[in-house]
Structures are given as structure tokens and as C-alpha cells.
Amino acid sequence: MSELREQIENVIESEDVALFMKGTPQFVMCGNSSRALEALRRAGAPVTAVDVLPDPRIRQELSAVSSWPTIPQVFVRGELIGGADIVEELAQSGELERTLEGKLGPDYRGTGSERVVTVS
Amino acid sequence: MSIDLLRSLLEQAFPDASELAVEDRTGGADHFQVTVTSARFDGLPLLDQHQLVNEVLAAPLADGTIHELRIRTKGSQ
Numbered sequence: 294m295s296e297l298r299e300q301i302e303n304v305i306e307s308e309d310v311a312l313f314m315k316g317t318p319q320f321v322m323c324g325n326s327s328r329a330l331e332a333l334r335r336a337g338a339p340v341t342a343v344d345v346l347p348d349p350r351i352r353q354e355l356s357a358v359s360s361w362p363t364i365p366q367v368f369v370r371g372e373l374i375g376g377a378d379i380v381e382e383l384a385q386s387g388e389l390e391r392t393l394e395g396k397l398g399p400d401y402r403g404t405g406s407e408r409v410v411t412v413s
Numbered sequence: 894m895s896i897d898l899l900r901s902l903l904e905q906a907f908p909d910a911s912e913l914a915v916e917d918r919t920g921g922a923d924h925f926q927v928t929v930t931s932a933r934f935d936g937l938p939l940l941d942q943h944q945l946v947n948e949v950l951a952a953p954l955a956d957g958t959i960h961e962l963r964i965r966t967k968g969s970q
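So the sequence lines, in the order shown, correspond to chains X and A.
Under this note's numbering, the letters of the first sequence match residues 294 to 413, in that order.
Under this note's numbering, the letters of the second sequence match residues 894 to 970, in that order.
I should point out that these hints are in silico values taken from the structure, not numbers from a laboratory.
Watch out, some of these pointers could steer you wrong.
[Stated by the list, open to error] Ranges between beta-carbon positions, derived for each pair:
{"id": "1", "chain 1": "X", "residue 1": "306", "chain 2": "A", "residue 2": "940", "range": "11 to 21 Å"}
{"id": "2", "chain 1": "X", "residue 1": "371", "chain 2": "A", "residue 2": "952", "range": "22 to 32 Å"}
{"id": "3", "chain 1": "A", "residue 1": "958", "chain 2": "X", "residue 2": "322", "range": "41 to 51 Å"}
Please read all numbers here as calculations on a predicted model, not as lab measurements.
Idealized CB from N, CA, C, for every residue including glycine.
Please build the complete structure, drawing on both the sequences and the hints.
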């Protein structure tokens, strides 16, 4: 197992809400990443973002771990929730907030601020 | 990838689909919106529904032929 893959798995397992995206929340580089981020923000999710663009291997290793082919990818407590379309659809139906409450507890809003971690 | 090829891949994978729509979002043949309504999605979580579509398009997604894919799936009910 590569060191990079271990780092990716560590982020997935240890962060409450992990968003693998193109760019960063401050400088989003892709429409779908922006849609996922905005849906998570509206739900009040404590997002930890990882930019996949610095190294193409990040995306390769991530997809090998998750079996999900596209970016963005959203994980809550280690479980893949989906990409932009799913997160948006779940947000619209209210299911995203229910999932966050179920996994993080009813007081998940405000439990953490948005932050960025890097893997390499 | 041509919109016709994308459509035919999906038609082969979902021969029972009651709705199958493919839209080239930018005209550049690499940003697509696909909509599939099929009884195969019945009872499946959204994640698994989308994964069925992803699997059909695994090769063009992996090699970048499809740069961006938006998916909308619906069950038969």
C-alpha cells in the first residue's frame, strides 16, 4: 500500500465530513465540486476539503479506495455518500441533514469550521 | 465521445429504461447530463443507482473522454 493511499484512507476515516474536490473551498476549480461544497455548506456540515488537483495520483488512489470514478466525492464518517448530483439531491430532500445528524449527532452544526488538508 | 455513442452504451445497459435522456451540456462532447428511469433502480440507494451508470461508462470516465458527468436516476415507481 502506498503512503499516499494511506493518507487518503486516513482522511476518509478520521474526518467527520471529507470532501475530495478540484481546488479548495476558497478557490473552487470545477462546477461539480462547487455544487457539492455549497450543498454541504447549506446543510451546515463541518467540511474538511482535500484538493485532488496537485497530483493526478491522488485521484487515482482515491478512486481505487472508493470505487467511485469521478470528483467530487463526499464521505461522512468514513462512508461514501456520493458525488455532486447525489449530495445535491439528498440536500434538497432533507436527507443529507438527517444523515449528518445520524452520524455526527444532533449538534453537528458548528462542530467544526471548514478546513483544508493536503495529501502527497 | 459522441452523444450517440454515449446513448447507445446506456441503451445497451438499460434496455428496459422507460426514460433515457442524454444532453451535451457544453457542445464539446465531454460534459454530459444523463437521465435514466429504470425498474433496475427500484429499492436501491441513490449511491448504488449512480454506480450502475458509472460502471457502464467506466472506460470513458477513466480516460477523460467524459470530463464531467451529471447523473439523474429514477426508479419505475
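Does the hinted range 22 to 32 Å hold for residue 371 of chain X and residue 952 of chain A at CB?
holds, 29 Å
Quick check on a hinted range of 11 to 21 Å for residue 306 of chain X and residue 940 of chain A, using CB atoms only.
This hint holds: roughly 18 Å between Cβ atoms.
Could you see if the CB distance from residue 958 of chain A to residue 322 of chain X stays within 41 to 51 Å?
violated, 20 Å
Going through the hint list in order, the structure does not satisfy hint 3, though it satisfies all others.
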